[in-house]
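Enquirer: Since chain A is already given, all that's left is putting chain B on it; use the hints.
Chains as they are written, first to last, in the working numbering: chain A, 1 to 226; chain B, 1 to 260.
Hints were generated in silico from the structure; no laboratory data involved. Keep in mind that a hint or two might mislead.
Stated by the list, open to error - Simulated pairs of lysine-lysine, DSS-like, Cα-Cα distance not exceeding 27 Å: (1) A:Lys56 with A:Lys14; (2) B:Lys197 with B:Lys240; (3) A:Lys4 with B:Lys249; (4) A:Lys214 with B:Lys249; (5) B:Lys240 with A:Lys4; (6) A:Lys14 with B:Lys249; (7) A:Lys214 with B:Lys241; (8) A:Lys115 with A:Lys126; (9) A:Lys14 with B:Lys241; (10) B:Lys145 with B:Lys120; (11) B:Lys36 with B:Lys198; (12) B:Lys240 with B:Lys36; (13) B:Lys91 with B:Lys36; (14) A:Lys14 with B:Lys240; (15) B:Lys104 with B:Lys91; (16) A:Lys14 with A:Lys115; (17) B:Lys241 with B:Lys31; (18) A:Lys4 with B:Lys145; (19) B:Lys34 with A:Lys214; (20) B:Lys31 with B:Lys91.
Spelled out from the first residue to the last, the chains are:
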Amino acid sequence: MIRKTFEHELQQVKDEILVLGSMVEQAVLDAMESLKKRDMKASEKIYEQDRIINEKRFAIENECMILIATQQPMARDLRLLASMLDVASELERMGDYAKGVATINIRMGDQPLLKPLIDLPRMATKAADMLHRALTAFIDGDAEASRAIPAEDDEVDALYEQIYRELMTFVIADPKTIERANYLLWAAHNMERMADRVTNICERTVFVVTGEIKELQTTSNPHEMK
Amino acid sequence: MQPEIPQYAIETRDLSIYYGPFEAVKNVDLKIEKQKITAIIGPSGCGKSTLLRAFNRMNDFVPTSRVDGEILMHGTNLYSKDIDPVEVRRKIGMVFQKPNPFPKSIYDNIAWGARINGFKGNMDELVEQSLRNAALWEEVKDKLKKSAYELSGGQQQRLCIARTIAIQPDIILMDEPASALDPISTLRIEELMQELKKNYTIIIVTHNMQQAARVSDYTAMMMLYEDTRSGTVIEFDDTKKIFTRPSDKRTEDYVTGRFG
Numbered sequence: 001m002i003r004k005t006f007e008h009e010l011q012q013v014k015d016e017i018l019v020l021g022s023m024v025e026q027a028v029l030d031a032m033e034s035l036k037k038r039d040m041k042a043s044e045k046i047y048e049q050d051r052i053i054n055e056k057r058f059a060i061e062n063e064c065m066i067l068i069a070t071q072q073p074m075a076r077d078l079r080l081l082a083s084m085l086d087v088a089s090e091l092e093r094m095g096d097y098a099k100g101v102a103t104i105n106i107r108m109g110d111q112p113l114l115k116p117l118i119d120l121p122r123m124a125t126k127a128a129d130m131l132h133r134a135l136t137a138f139i140d141g142d143a144e145a146s147r148a149i150p151a152e153d154d155e156v157d158a159l160y161e162q163i164y165r166e167l168m169t170f171v172i173a174d175p176k177t178i179e180r181a182n183y184l185l186w187a188a189h190n191m192e193r194m195a196d197r198v199t200n201i202c203e204r205t206v207f208v209v210t211g212e213i214k215e216l217q218t219t220s221n222p223h224e225m226k
Numbered sequence: 001m002q003p004e005i006p007q008y009a010i011e012t013r014d015l016s017i018y019y020g021p022f023e024a025v026k027n028v029d030l031k032i033e034k035q036k037i038t039a040i041i042g043p044s045g046c047g048k049s050t051l052l053r054a055f056n057r058m059n060d061f062v063p064t065s066r067v068d069g070e071i072l073m074h075g076t077n078l079y080s081k082d083i084d085p086v087e088v089r090r091k092i093g094m095v096f097q098k099p100n101p102f103p104k105s106i107y108d109n110i111a112w113g114a115r116i117n118g119f120k121g122n123m124d125e126l127v128e129q130s131l132r133n134a135a136l137w138e139e140v141k142d143k144l145k146k147s148a149y150e151l152s153g154g155q156q157q158r159l160c161i162a163r164t165i166a167i168q169p170d171i172i173l174m175d176e177p178a179s180a181l182d183p184i185s186t187l188r189i190e191e192l193m194q195e196l197k198k199n200y201t202i203i204i205v206t207h208n209m210q211q212a213a214r215v216s217d218y219t220a221m222m223m224l225y226e227d228t229r230s231g232t233v234i235e236f237d238d239t240k241k242i243f244t245r246p247s248d249k250r251t252e253d254y255v256t257g258r259f260g
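Chain A extracted, bound-state conformation (with noise of 0.2 Å):
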């Protein structure tokens, strides 16, 4: 085998990118658990990971800089490493949901969940396993597998829906718990928008297997709620 250093260094960044994943995976889930439990150490410690996760994305980012200026890579390697750099990137933005939903924690204060926590949990769970799999799929090169994970995302954005109900129910009964409710829709949010990422991540490893760049996710209906 011809180019064994480069295979080497290319495999290097993979296992970064994998290690990466893992980091921002158990990031959104401790987050969604320290505001389930109103856990404000750990939401603060969120905080440490995070300045952690974009370290990391900055030090892959530059391995693949590297590897482009000393190997000049061409054809699928060329488009592995700069879809490496874009997945860095889309994982770097997970983890500022999942600290978003730690600071939600924070700001909260001394309030209480204006309910106990059931289908958010759920959501980040479900995003976080989306996640581990579409990343999967993209070290393993499987266009098969990634282009059927987007789909999944039905069932985040139902999730959200479901939330977005529930929480209006509560401001309508009483007015007062809008600051409450809002918090928790903004939680949710964050889950929503990390889901929709995970489709980039799925893009991006059928646009490394075939050379085309395709969205996988059909538009939706603007006139639906979301």
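Expert: Relative to the frame of chain A, chain B by itself:
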């Protein structure tokens, strides 16, 4: 029936090139667009130079060589009986891997070929214009009577290009024109090619894939048939496509450095 309007500088039809019984290049169908740069890439010994040399009948100098199929230049078959190979080489100039200036002055390197080809105009103007077009004039204008051998390798190569364009060809063939040059001279030649393609069609054979990617509009990928060891074009496409998403797995393997 409409007469066929030749829209390509060179078109090959089912072209095979033999050295004695050995079929060095097999079944090549290529359409080379006018005023574009077409690169021919592929592993060593796959017939790139043989194909290039067929375009201006340089292979005629190899006694056992033979061509099957057609090579059309602007619609005319270059190998038909009434075609003079000398005239073909005037229309299709060639630049080689190692700069090969004549052992003469810089001025005469350009004037000589033009004179032989019957140029009757103002020779000083032709020399200046050719050197300007080859991006060499500023460097040599004060020493035109000096020997061409006093120039650096990169300058000598540009002199050879000036010599080629002095006889006003339609097409310029380049066989590894920068492989003996340093990186700066290489980039000068590559920049020069971009200027030249405004007036000429250029076909370049190169081992340097980054160079092919940088300079060319189209790329032909050549490979050997496993069984016969004959070379052929396996993929011909837009350069941008060849280097970002080639269709053929073998091209992919070659441009990513997985074999070859």
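Enquirer: Determine for every hint whether it applies to the structure shown.
Expert: Now the hints, each set against the structure:
Between Lys56 (chain A) and Lys14 (chain A), the direct Cα distance comes to roughly 13 Å. Compliance with the 27 Å bound is thereby established for this hinted pair. Between the alpha carbons of Lys197 (chain B) and Lys240 (chain B) the distance comes to roughly 18 Å, so the proposed pair stays at or under 27 Å and holds. A threshold of 27 Å between alpha carbons decides the hint, and for Lys4 (chain A) with Lys249 (chain B) the separation of about 19 Å falls inside it, so the pair holds. Between Lys214 (chain A) and Lys249 (chain B), the direct Cα distance comes to roughly 22 Å. Compliance with the 27 Å bound is thereby established for this hinted pair.
Distance hint between Lys240 (chain B) and Lys4 (chain A) is fulfilled; the C-alpha atoms sit about 26 Å from each other, no more than 27 Å. For the proposed pair Lys14 (chain A) and Lys249 (chain B), the alpha carbon gap of about 23 Å is at most 27 Å, so the pair holds. Our distance criterion of 27 Å between C-alpha atoms is met by Lys214 (chain A) and Lys241 (chain B), whose separation comes to about 17 Å. Proximity of Lys115 (chain A) to Lys126 (chain A) is assessed by CA-CA distance (about 20 Å); at most 27 Å being required, the pair is judged to hold.
Among the hinted pairs, Lys14 (chain A) with Lys241 (chain B) is consistent with the structure: their alpha-carbon atoms are about 25 Å apart, no more than 27 Å. With a CA separation close to 21 Å, the supplied pair Lys145 (chain B) and Lys120 (chain B) stays within the 27 Å bound. Annotation: proposed proximity of Lys36 (chain B) to Lys198 (chain B) holds, straight-line Cα distance about 8 Å (limit 27 Å). For the proposed pair Lys240 (chain B) and Lys36 (chain B), the alpha carbon gap of about 14 Å is at most 27 Å, so the pair holds.
Of the pairs offered as hints, the one joining Lys91 (chain B) and Lys36 (chain B) holds, with about 16 Å between alpha carbons and a cut-off of 27 Å not exceeded. Distance hint between Lys14 (chain A) and Lys240 (chain B) is fulfilled; the C-alpha atoms sit about 26 Å from each other, no more than 27 Å. The suggested pairing of Lys104 (chain B) with Lys91 (chain B) holds, with an alpha-carbon distance near 24 Å, which does not exceed 27 Å. Among the hinted pairs, Lys14 (chain A) with Lys115 (chain A) is inconsistent with the structure: their alpha-carbon atoms are about 41 Å apart, more than 27 Å.
Using a Cα cut-off of 27 Å, the hinted pair Lys241 (chain B) and Lys31 (chain B) holds, with the two alpha carbons roughly 17 Å apart. Using a Cα cut-off of 27 Å, the hinted pair Lys4 (chain A) and Lys145 (chain B) is violated, with the two alpha carbons roughly 53 Å apart. Between Lys34 (chain B) and Lys214 (chain A), the direct Cα distance comes to roughly 33 Å. Violation of the 27 Å bound is thereby established for this hinted pair. Between Lys31 (chain B) and Lys91 (chain B) the alpha-carbon distance is near 18 Å, which keeps this suggested pair within the 27 Å criterion.
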